[in-house]
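Construct all of the structure, not just a fragment, from the sequences and the given hints.
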Amino acid sequence: MTERGLLLRVTLLVATASVPLPAPRSLVAQDTTAGKRVYVKWCAGCHGDAGAGDGPAASHMLPRPRDFTGAIYKIRTTASGQLPTDQDVLRSIDEGLPGTAMPAWKERLSERERRDVLAYLKTFSAFFQDTSQHIVPLTFSKEPGGATSVEALRVGRQFYDSIGCWKCHGKAGRGDGPSAPTLKTDPGEPIFAADLHQSWRFRGGASAADIYRRLRTGLDGTPMPSFSDLIDQKFLTDEQLWRVAQYVRSLSPERAPEVRDVIHAPRLLGGLPRSPDDSAWARVERYWFPLVGQVIRKPRWFAPAVAGVWVQAVHTRDSLALRLEWDDRSQSPDTAWLEFERRVLDHLVSDDSVAARAELQPDEIAVEFPRSIPAGMERPYFLMGTATDPVYQWRWTSAPRQAAAGLARGVGRFDALGAGSAPGAEARFADGQWRLVFTRALATADTANELQFEAGRAIPVAFFAWDGSNGEHDTRMAVSAWYFLALDQPTPPRVYLSPVVAMAVTLGLGMLVAVRAQRRAGAGGPEGYIARGLPRRHDA
Amino acid sequence: MRKLGSIAAVAGAVLVVALAAWTRQPAADPQGAATVTGKVKFTGAKPVNPSIDMSEEPKCKAKYTTTPTKEIVVVNPNGTLANVFVYVKAGLPASAKYETPKTGVLIDQDGCHYRPHVLGIMVGQPLEIKNSDGILHNIKAKGVKNRPFNISQPTTMTSTRTFSAPEVMVPLECNVHGWMQAYLGVLPHPFYAVTGADGSFTIKGLPPGTYTIEAWHEKYGTQTATVTVAGTESKTQDFTFAAK
Chain A
1 MTERGLLLRV TLLVATASVP LPAPRSLVAQ DTTAGKRVYV KWCAGCHGDA
51 GAGDGPAASH MLPRPRDFTG AIYKIRTTAS GQLPTDQDVL RSIDEGLPGT
101 AMPAWKERLS ERERRDVLAY LKTFSAFFQD TSQHIVPLTF SKEPGGATSV
151 EALRVGRQFY DSIGCWKCHG KAGRGDGPSA PTLKTDPGEP IFAADLHQSW
201 RFRGGASAAD IYRRLRTGLD GTPMPSFSDL IDQKFLTDEQ LWRVAQYVRS
251 LSPERAPEVR DVIHAPRLLG GLPRSPDDSA WARVERYWFP LVGQVIRKPR
301 WFAPAVAGVW VQAVHTRDSL ALRLEWDDRS QSPDTAWLEF ERRVLDHLVS
351 DDSVAARAEL QPDEIAVEFP RSIPAGMERP YFLMGTATDP VYQWRWTSAP
401 RQAAAGLARG VGRFDALGAG SAPGAEARFA DGQWRLVFTR ALATADTANE
451 LQFEAGRAIP VAFFAWDGSN GEHDTRMAVS AWYFLALDQP TPPRVYLSPV
501 VAMAVTLGLG MLVAVRAQRR AGAGGPEGYI ARGLPRRHDA
Chain B
1001 MRKLGSIAAV AGAVLVVALA AWTRQPAADP QGAATVTGKV KFTGAKPVNP
1051 SIDMSEEPKC KAKYTTTPTK EIVVVNPNGT LANVFVYVKA GLPASAKYET
1101 PKTGVLIDQD GCHYRPHVLG IMVGQPLEIK NSDGILHNIK AKGVKNRPFN
1151 ISQPTTMTST RTFSAPEVMV PLECNVHGWM QAYLGVLPHP FYAVTGADGS
1201 FTIKGLPPGT YTIEAWHEKY GTQTATVTVA GTESKTQDFT FAAK
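From first to last, the protein sequence lines are chains A and B.
When we follow the numbering used here, the leftmost residue of the first sequence carries the number 1, and every step to the right adds one.
When we follow the numbering used here, the leftmost residue of the second sequence carries the number 1001, and every step to the right adds one.
In case anyone wonders, no lab produced these hints; they're calculated from the structure.
Since we're looking at a predicted model, the values are computed, not measured.
Keep in mind that a hint or two might mislead.
Claimed, not checked - Covered, in the sense of this in silico footprint (three residues per stretch, anywhere, with C-beta under 8 Å from a C-beta of chain B), are these stretches of chain A:
no., segment
1, 161–167
2, 181–187
3, 456–466
Note that beta-carbon positions come from the ideal geometry of N, C-alpha and C, so glycine has one too.
Following this line, the structure appears as structure tokens:
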């Protein structure tokens, strides 16, 4: 093939790829027998042999795996109550459902396997055999421009309020609305209203177009309704519904936060920002650390409520401040969430000897460090150390609102250090979010137990979070891996001075060479000028 | 010529038969004149319905002078039970077809309550879902034989939906107000009733036959009785639910 031909083909390929193709009416050559083989191997563990969403792993999960027998699907392009198109179900198989245990299968199964398994899972429900069911995708309009303009966001916010999104998703969109604690799926499992500040965890995709589709179709089987009737009844226009989607999109970062290994703590010349509201934080880089359920020590926890924590760090000549921000739908303990907590604990199989009881518990967060900065790569066991190799930890609880420092010797054993050792801690709760600043002197007297912070070193750090209203306590928690904290060293003055000196020296030497050359040529004139110029070099 | 004539005669006869069959089809075919009537009695201690905290919804709260409660068990002053769905479960000819009424059945969201709490509807008959409150409700139908749906109504408005399969009962609920629940009986025929303030029910227009009548209550489950009626006969069949 000629280069031009190849180029043409590539261009065509790219062009066709970017045009959304109409959903194929029927997928050719679907093989339910082959589909069953794929299903049994890869899907049945969660979704169950008969597709009822009751595989061996299901009772550890919230949200639960899909029950295919009812043919109720969250992510569709069809009206609420209608069956999904093949393309809709394939999309969930291909991309997975972010924020749940359902992974993307695009890279793991061949296209043929994915189509076969789709054909097989449709056999679990009689609805797919019912020819009176018309599967018609809704007509979606094109996204209106100006998504991020002030006016678009104002209109979006206006309708976010007037169509009642805030009732479940909260005034600031963190899933903390007044109805949030009462929400259940059709089978009665507790379900969180989505935290709209974490679009990368949206089940059906993060784009404004994805959000718009969810508003049109609703998420069947969940409390999220369809808003299509409102357009039909002229309560709002299609464009205004788009603005709601764009507003919701604007609440999250443009891209899913990248997880970086090292938190850089710049050195501040001013005072240490001890308050979470201090304006100094606005100029400090934020780092996102995802948290996952603690599934190593029993009782394990597969349904953590805190998805991650945003961390910022600064230091001064003698002190360190660490700001943690994490979304939490409730300021625990909160009686409004007690029923929710009961439902969570009822729906999750506990491997505790005594079933966990729903009770009013505080929210908690912990930051851990080794007791001393390791010389090599060796670090203590990330899950709160061991009996022989404990870790140095800061723990904060919402009730009573206090912080402590201590040594953790494995999960479940925390030996607080003396009263004077507690780090400073100032916390605020607002609109479904905790913001907390820990502060401590870089150097302390108890060098055996308390980490001595040093600039220019890689200091291991890890995070743990508990949402009391989600039944989280002790081992039922969200954990991170080890990351690093680096206190940036103040830049020594010679860093700025050296280039200037070097340039001056180079210039001077250059001129010396030039003068000598000119002297040899016998020109006396410029000598005086050069002679006057030289002392300037010494000034520098 | 004679052959042509006989063909015409046969064709004509076929046409007449077909026409007759066609004209008869949409009529409410096995409609009769018999009636089954009765009362649903309640024995035992009257349970207390949980009260509802409507402080989040001042507009709804303002519609009540006393603290509103759920309507799980509504015992009438005469000792009968309201909100019992009574219907013909079996006994109608398998081939019987009943015309779908064009007029809809109304369910209203009023004072953050569904009114009525229990209702019946025919397959294909429009359910008119009204929001009189003018605050955000969503209405979710959680059918198993019918496709479930969930629509948002943030303002005073009416949405219409239909149901395609017989199902006793389809639960309806609002997720904004977790206490709001209603039950909808979907049937392929018009022989159903819901007990009201006097606990009585009447099912009219039954053709002669032997029927299984079922009484459904959201807390106390179902009871059935077999009733045989002839011609214009009216039979009484009472049911009794006991406190649990």
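Broken hints, numbered, in rising order? 3
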